[in-house]
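Peer 1: Spelled out, the chains give:
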Amino acid sequence: DARVTQTPRHKVTEMGQEVTMRCQPILGHNTVFWYRQTMMQGLELLAYFRNRAPLDDSGMPKDRFSAEMPDATLATLKIQPSEPRDSAVYFCASGPGQGGTTEAFFGQGTRLTVV
Amino acid sequence: QKEVEQDPGPLSVPEGAIVSLNCTYSNSAFQYFMWYRQYSRKGPELLMYTYSSGNKEDGRFTAQVDKSSKYISLFIRDSQPSDSATYLCAMSQGAQKLVFGQGTRLTINP
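Top to bottom, those sequences are chains A and B. Per the numbering used here, residue 1 is the first one in the first sequence, and the count goes up by one each step. Per the numbering used here, residue 1001 is the first one in the second sequence, and the count goes up by one each step.
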């Protein structure tokens, strides 16, 4: 059963703490996306990678957010220091990236609450 | 102005009705168009995928793309209570990032 796996599913943390979210993309997919979803803004693209190389991270606050792909089976999104306004659901998605397409398959998300 | 505009609803219809969901966009370079369904507290699920203009049908779902008008639609026939969810349109220029609409919250009443 091929699916994108995200951990943790829920995270409550205090303001100022570091938060790390992890994502295992679908095996064989070469494109990985990080999205943030809030009621007000909807789904916002934070960053995306192709073949582990960052292609676009313009949606990410650079001073506190960082995204990496240490290997093809793991993507991470880190927030340091976290702030209450970072509270949202963070989704990872992966895509096959074949034929110039960008269909994306989403994980279940990490629901982050910063208090 | 956002690149992709979608009425957030909410939209409520009786079971069995035909549902029409729409998005407009401003970027004429978009070539790939998708519809996602998202149930509460779940990740978006890819429902329909089309390239360029035209129609695509899959069971009770039909996706239409009109590039000349920069307008896409999703039709749901014989709607069921299990179709109650948020529907998001998404589009891209090709091997580029997906841009999403705000999502339309749909409720099908038994």
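Fair warning: there could be bad hints in the mix.
As the list claims (entries may be wrong) - In the DSS-like style, the derived pairs of lysine-lysine whose C-alpha atoms are separated by at most 25 Å in a straight line are:
| no. | chain 1 | residue 1 | chain 2 | residue 2 |
| --- | --- | --- | --- | --- |
| 1 | B | Lys1070 | B | Lys1056 |
| 2 | B | Lys1002 | B | Lys1067 |
| 3 | A | Lys11 | A | Lys62 |
| 4 | B | Lys1067 | B | Lys1097 |
| 5 | A | Lys62 | B | Lys1070 |
| 6 | B | Lys1097 | B | Lys1042 |
| 7 | A | Lys11 | B | Lys1042 |
| 8 | B | Lys1067 | A | Lys78 |
| 9 | A | Lys78 | A | Lys11 |
| 10 | B | Lys1002 | A | Lys62 |
| 11 | A | Lys78 | B | Lys1042 |
| 12 | B | Lys1056 | B | Lys1067 |
Claimed, not checked - The calculated label-pair distances, taken between Cβ atoms and stated as ranges, are:
| no. | chain 1 | residue 1 | chain 2 | residue 2 | range |
| --- | --- | --- | --- | --- | --- |
| 13 | A | Pro84 | B | Asp1058 | 24 to 32 Å |
| 14 | B | Arg1060 | A | Pro96 | 24 to 32 Å |
| 15 | B | Ser1069 | A | Asp56 | 36 to 44 Å |
| 16 | A | Arg64 | B | Gln1080 | 21 to 29 Å |
| 17 | A | Lys78 | B | Asp1078 | 24 to 32 Å |
| 18 | B | Ile1018 | A | Thr5 | 31 to 39 Å |
| 19 | A | Pro8 | B | Lys1002 | 27 to 35 Å |
| 20 | A | Asp56 | B | Gln1001 | 15 to 23 Å |
| 21 | A | Val115 | B | Ser1069 | 44 to 52 Å |
| 22 | B | Gln1001 | A | Ser58 | 14 to 22 Å |
| 23 | A | Arg9 | B | Thr1107 | 20 to 28 Å |
| 24 | B | Glu1005 | A | Ser87 | 19 to 27 Å |
Hints in this document: simulated from the structure, not taken from any laboratory. Note that the structure is a prediction, hence the values are computed from the model and not measured. Note that CB positions come from ideal geometry on N, CA and C, so glycine has one too.
Peer 1: All hints are to be evaluated individually against the structure, with a verdict given for each.
Peer 2: Do the hints match the structure? See the list:
no.: 1; hint: B/Lys1070 with B/Lys1056; result: holds (17 Å)
no.: 2; hint: B/Lys1002 with B/Lys1067; result: holds (17 Å)
no.: 3; hint: A/Lys11 with A/Lys62; result: holds (21 Å)
no.: 4; hint: B/Lys1067 with B/Lys1097; result: holds (19 Å)
no.: 5; hint: A/Lys62 with B/Lys1070; result: violated (33 Å)
no.: 6; hint: B/Lys1097 with B/Lys1042; result: holds (21 Å)
no.: 7; hint: A/Lys11 with B/Lys1042; result: holds (16 Å)
no.: 8; hint: B/Lys1067 with A/Lys78; result: violated (38 Å)
no.: 9; hint: A/Lys78 with A/Lys11; result: holds (13 Å)
no.: 10; hint: B/Lys1002 with A/Lys62; result: holds (23 Å)
no.: 11; hint: A/Lys78 with B/Lys1042; result: holds (22 Å)
no.: 12; hint: B/Lys1056 with B/Lys1067; result: holds (14 Å)
no.: 13; hint: A/Pro84 with B/Asp1058: 24 to 32 Å; result: violated (42 Å)
no.: 14; hint: B/Arg1060 with A/Pro96: 24 to 32 Å; result: holds (26 Å)
no.: 15; hint: B/Ser1069 with A/Asp56: 36 to 44 Å; result: violated (28 Å)
no.: 16; hint: A/Arg64 with B/Gln1080: 21 to 29 Å; result: violated (43 Å)
no.: 17; hint: A/Lys78 with B/Asp1078: 24 to 32 Å; result: violated (46 Å)
no.: 18; hint: B/Ile1018 with A/Thr5: 31 to 39 Å; result: holds (37 Å)
no.: 19; hint: A/Pro8 with B/Lys1002: 27 to 35 Å; result: holds (31 Å)
no.: 20; hint: A/Asp56 with B/Gln1001: 15 to 23 Å; result: holds (21 Å)
no.: 21; hint: A/Val115 with B/Ser1069: 44 to 52 Å; result: holds (46 Å)
no.: 22; hint: B/Gln1001 with A/Ser58: 14 to 22 Å; result: holds (18 Å)
no.: 23; hint: A/Arg9 with B/Thr1107: 20 to 28 Å; result: holds (26 Å)
no.: 24; hint: B/Glu1005 with A/Ser87: 19 to 27 Å; result: holds (26 Å)
Of the numbered hints stated above, those contradicted by the structure are hints 5, 8, 13, 15, 16, 17, listed in ascending order.
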